[in-house]
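Undergrad: Build the complex: two chains, separate frames, hints provided.
Taken in order, these protein sequences are the chains called A and B.
Numbered per numbering that gives the first Met the number 0, the first sequence spans residues 0 to 336.
Numbered per numbering that gives the first Met the number 0, the second sequence spans residues 0 to 311.
Calculated from the structure, these hints are not laboratory results.
Please note that the accuracy of each hint is not assured.
Derived, one-sided and incomplete: chain A residues facing chain B with beta-carbon distance under 10 Å [what the hints assert, rightly or not]: (1) Gly71; (2) Ser74; (3) Ile134; (4) Ile280.
Straight-line alpha carbon distances no greater than 30 Å define the calculated DSS-like cross-link-like pairs of lysine-lysine that follow [what the hints assert, rightly or not]: (5) Lys126(A) to Lys249(A); (6) Lys250(A) to Lys126(A); (7) Lys250(A) to Lys240(A); (8) Lys197(B) to Lys34(B); (9) Lys34(B) to Lys3(A); (10) Lys126(A) to Lys34(B).
Just so you know, even glycine gets a beta-carbon here, dropped at the ideal spot from N, CA and C.
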Amino acid sequence: MQLKDYIIRRLIILPFLIIGVSVVVFSLTRIGGSPVGIYLSHEMSQEQVAEIEARFHLDKSLPVQYFYWARGVLSGDFGWSGVSVAPVAEVFPKKLAATMELAVASGIVAVAIGVWLGTFAGARRNKPADHITRIVAVSGASMPNFWFAILLLIVFWANLGWAPIGRASPELFAAVPQRTGLYTVDSLIAGNLNAFFDALWHLMLPAITLGYGATAIIARMMRSSLVEELQQDYVDAARAKGLPERLVLKKHARRNALIPTVTVIGLTFGFLLQGTVSIEIIFRWPGIGKWMADSVLRGDQATLMTYVLFTSILFLFVNLVVDIIYANLDRRVELGK
Amino acid sequence: MVDFPQSTRRNAIDTIAPESALRVRWRRSTELTAKILSNPATVLGFAIIVAMFFMAIFAPWITTANTPDPYQMPRDWGATRMPPGTPGYPLGTTNEGGDVYYGIVWGTRMSLQLSITVVGITLVVGSIIGSLAGFIGGKLDEVLMRIVDVFLSIPELIFALAIAAILGPSFGNIMFALAVVFWVKYARIMRARVIQIKNSDYIDAARIIGDSKLNIYFRDILPNSFTPVMVQATLDMGNVVLIAATLSFIGLGEAGIAEWGVLVSEGQAGIASGRWWASTFPGLMIFLWALAFNLVGDGLRDALDPRTESSR
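So that you can see chain B by itself, here it is in the shape it has in the complex (with noise of 0.2 Å):
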C-alpha cells in the first residue's frame, strides 16, 4: 500500500519542503489514475457504472412513472405473458402484466438507493469503530473485537436472513439487516490500518513536533487510512445488492415492487411454459451490477497493491 501523507498543515515533510510534497502526491495520484485505467476490464466495470447510474437517475424520463409510487410495478392486464419485442414492452410482461423493462429501470434506482445507504453507513460505522479500537488500543481495542469475532463467525448471508426474517418481509428492513452484518469488515480492516500507521515514522515526527493526540488521529492517521476500505467499499457496493436480491428472492422482499430479487423470483413461475424473459433480464442486471462493482474493486486492489506490479 503506498504510504503517503494527505493531511496539509502539519507534516514533518511538508514544513521542511511544501513544493515538493505537493508535487509528490500530484505525480502519484496522476500515475495511479493511469495504473487504474490501463487495466481493460476495471474501465469495462465503470463503463457499466456509469450506464447503470445514468439509468437509475433518469428513470422518470426513459420511463413513464407509475403513479402514485413508482417504485410498484405498473400493472397492464391486458397484455400479460407478452414476449420480448412486443410493442410497447421491449422485454416482455410478467405474469401479472408488469413491464420488465420498467422493472429493471426503475431497479436500479432502488439498487443505487440500497447500496449507497447501507455501504455509507457500515463504511461510517465501521471505520470509526475500528479506528478508535486501533488507536487506543488496550481494553476498548480487545472488547470491541471480540465483538467483530463473533459478528463475522456467522456467515454473512445467513445472518442477514435471520434478521430480515425477524423484522417481517420488506425492503427497508433487508437495508437494515445488510448494515448490521456488514460493518463488521470495515472495523477489521480499519483497525489493522490504523495500527500499521500509528506505527510508522510520520507519526512519530508528529508526535515529536508535539502535535496533540486528537490532531494526530484526525489530521494524520484517519485521511490517510481510507485505502483499503475504500477498495473493500467498491467491492461492497455489488456484494449488498447481490445479497439483498437473494433475501428478496426468498421471499423477504416485498411482493409488486420493482426490485430485481423479487422480479426474478416471480418470474420463475413462467420458465416451465417456456417464459424466460420475466426472471432473465433482471437476474441480468443484478448480473451486471456485481460484475462491475468487481471489476473495478479488483483493479483498484491491483493498482494499490505494490506486490502487483512484479506478479502481473
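Same shape as in the complex, but just chain A (with noise of 0.2 Å):
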C-alpha cells in the first residue's frame, strides 16, 4: 500500500475511534446515575426537578441525551466543573499549559538519557553496563511513580532541603506576564533569568520522577535496536573499509535503530500523561492530573470526563503521527497491516 494511503485510510479512520471513545466516555457518566443531582437542592419540588430535567434533556432517550451531549462537547460546552467553580472550558487550558510543561521536560530527560543508556548498553552487549542498564530499564517499568517521588522527596525536599514543592516562587512570577501559560517559556520572554531558574529548579524533580519510567522503556528498545542493527552486514563493510568503531556507531547502526525506537518514543507520551495524575498530587503541579484527582475524590463528573476524552483524542493524534513517521523512516515497514 502507499503511504498516501494508508495516511488517507488512517485518517478516515481516526473519526469513528473518536466518536467510539466518546460513547463510552458518555455511558460512564451515565453509569453513576442521572448527573441532575448536581443542579439540585433540598428545597426543589417534584415540578422543578422535571423542569431541569427537561432543561437539559435529561428526560429523553439514551441515544438523544448522548446526541445533545455530543452536541455540547463540539460547541465548546464541556460543562461546570465543581471543584473549579467555573466552566470545564474556561479552566483547562491553563492547567493544560502546567502539565504540558512538565510532560514535554520529562519526555526530554527520557529521550536523551533513554537513548544515550540504549546506546551504551547495547554497544557492550553482556558486558557489565549492559547487565546494569538492563536492571535500570527493568526496574523503571516496575517502579509505582508515586513511590519514587515520594523516595526523591524525603531525601532532597524533607532531609537534604534542596528542592522546592510546587509550580515556582509565586513572588517572582507576579512579576511575570502570562503569555504561553509555560512558566519557563514566560520569564524567557519577559527576560526575567531569576523566574527562568526558578521554574527550571521546581521543575527538575517532578521532570525526573515521571522521566524515569519513560527513560526505562526507551533505552530498552534502543538497546535491542542496536544490537540487532549492529549484527547486519551494513555495519561489518563499514568496519571492513577501516571505519572507526565510533563513527560505525554514531553515522550507521544509531541511526538505523532510532526508527524502531521512534514508535517507542510516542507511546511514552501516553505514559507521560497518565504519570502526571499521582506526580501532580505529590509535587501540587496545578496542572489537569491533579484536576483529575480532585475530580475524582469529589465526584466531578464533567471535569472527569472532559479529561478522559481530551487525554484519549490526544492519544489518537499522537499514536497516528508516530505511525506516519515511523513509516517515512522506514519504508520497510508493511503498511496497513
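TA: Okay, here's the thing in C-alpha cells:
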C-alpha cells in the first residue's frame, strides 16, 4: 500500500474511533446515575426537578441525550466543573499548560537519557554495563512513580532541603506576564532569568520522577534495536572499510536503530500523560492531572469526562503521527497490516 | 514462537509416529525450562514471587490477624509514629498507630487476590473473544476488533481511574475497573495467534482428515494458542497491582485497609517531619511485586522467541 493511501485510511478511521471513545465516555457518565444531581437542592419540588431535567434533555432516551451531549462538546461546552467552580472549558487551557510543561520536560529527560543509555548498553552487549542498564530499565518499568516521587522528596526535600514543592515561587512570577502559560517560556520571553531558573528548579524533581519510567522504556528499545543493527552486513562493511568503531556506531548503526525507537517514544507520551496524575498530587503541581484527581475525589463528572475524552483523543493523534513518521523513516514497514 | 501441536488424539503427526511426537514434545519442554532458568534475572524474579506467595498464604501465621476483619489495619493508639526497630513493630507504625509490618504482609494477600482475580477473568474473557474473532472471522471479527480498537484508544490508567471514580472508592470497584480495561490486550493477542495457527499446515491436515470445526477449535487451535497470552498474563500480574496501587494512592481505595497503595498514601503525610518508613516499605513491596513479574515475563518472552537466540 502506498504511504498516502495508508495515511488517508487512518484519517478515515480516526473520526470513528473518536466517536467510539465518546460513546464510552458518555456511557460512563450515565452508569453513575443521572447527572441531574448537581443541579438539585433539598428545597426543590417534584415539578422543579422535572423542569430541570427537561431543560438539560435528561428526560429523553439515552441516544437522544448522547446527541445533545455531543453537540455541547463540539460547541465547546464541557459542562460545569464543581471542583474549580467555573466552566470546564475556561479552566482547562491553563491547567493543560502546566501539565504540558511537565510532560515535555520529562519527555526531553527521557529521550536524551534513554537513547544514550540504550546506545551505551547495546554497544557493550553482555558486559557489566549492559546488565546494569537492563536492571535500571526493568526497575523503571516496575517502579510505582508515586513511590519514587516520595523517595526523592524524603531525600531532597525533607532531609537535604534542596528541592522545592509546587510549580514556582509566586512572588517571582507575579511580575511575569503569562503569554503561553509555560512558566519557563514566559519567563524567558520576559527576560527574567531569576524567574526562569526558579521555574526550572521547581520542574527538576517532578520531571526526573516522571521521566524515569519513560527512560527505561526507551533505553530498552534502543538497546535491543541497536544490538540487532550491529549484526547487519552493512555494519561489517563499514568496519571493513576501516571506519573507526565510534563512527560506525554514530553514523550508521545508531541512526537505523532510532527508527523503531521512535515508535516507543510516541507510546511514551501516553505513559507520561497518565503518570502526571500521581506526580502532580505529590508535587502539588497545578495541572490537569491533579485536577483530575481532585474531581475523582469530589465526584466532579464533567471535569473527569473532559479529561478522559481529551487524553484519549490526544493519544489517538499522537499515535497517528508516530505511525506516519515511522512509515516515512522505514520504507520496509508493511502498511495497512 | 515454537509451533508444535499439543492435542493428543487427532493430529496427523500423532497418527503417523506417536512415540516420536511425544519424545519431541518432552525434549522441547525440558529445553525450554532449561533456557528459562539459565537467565539469572528470571530466577531472581521467581524467587521474589515465591517469597511473596509464601507471605500471602501464611499471613495469619506470621502476624496476629486483626479481628473481625484481618484486612483492616490494627490500630494501637498507644504506639503511634514509632520508628522501625521498635519492639513489636519491626518496621515502625503509622500516624494512626497502624503496624507497617502487618500492612505489608496482609497487603501481599490483597495483591495476590487482586492479581489472580483480575488476570484470571480478563485472560479467559479476552481469550474467548479474541479466539472466536480470529477463528470465525468475517463480520464478527470486524465488529469485535473495532470495539477492541476503541478500548485501546483510552490510556489504561485513565480509563480504570474513570470507571473506579464513577463506581465510588472501594477495593472491589478497583478490581472491576481493571477487569473492564485489561481484557482487550488478550483479545488482540489471541486473535493474531489464532489466525496464524489457522493458516498452518497441521490445521490443514486436521481438516483433510475430516475433523469438525468444533474439534479443530477446541483440540487444535485453543491449546496451541496460549503461549503469547501467557507471557502477557505474567506481565499483567505485576501491572494490575501497580495500577491498583496507583488508584488507591489517588484516593479510590478504602481508607484503613492493609493495601500497599493506601499505606503509601497515608504515610505520605509524615515525610515532612522525617517519618519516612510508613510510605517507603509498602511502596518497596509494590515495586518488588511488579519487578518480579516483569523479570519473569521478560524471561519467558525471550525464551519463547526464536529470534533472541541471535540477538542476546
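Undergrad: Could you run down the list of hints and mark each one as holding or not?
TA: Results for each hint:
With a least beta-carbon distance of about 19 Å to chain B, the hint placing Gly71(A) at the interface is violated under the 10 Å criterion. About 23 Å separates the beta-carbon of Ser74(A) from the nearest beta-carbon of chain B, more than 10 Å, and the hint is not met. Evaluation of the Ile134(A) hint against chain B yields a held restraint, the C-beta minimum of about 8 Å falling below 10 Å. Given hint, Ile280(A) at the interface with chain B, holds; its Cβ is 7 Å from that chain's nearest Cβ, closer than 10 Å.
In summary, the hint linking Lys126(A) to Lys249(A) is supported, as the alpha carbons are separated by about 20 Å, within the 30 Å threshold. A threshold of 30 Å between alpha carbons decides the hint, and for Lys250(A) with Lys126(A) the separation of about 23 Å falls inside it, so the pair holds. Restraint check: the Cα-Cα separation between Lys250(A) and Lys240(A) comes to about 14 Å, which is no more than 30 Å; the hinted pair holds. Between the alpha carbons of Lys197(B) and Lys34(B) the distance comes to roughly 28 Å, so the proposed pair stays at or under 30 Å and holds.
Restraint check for Lys34(B) and Lys3(A): the C-alpha separation of about 44 Å exceeds 30 Å, so the hint is violated. A distance of roughly 20 Å separates the Cα atoms of Lys126(A) and Lys34(B); the hinted pair therefore holds under the 30 Å criterion.
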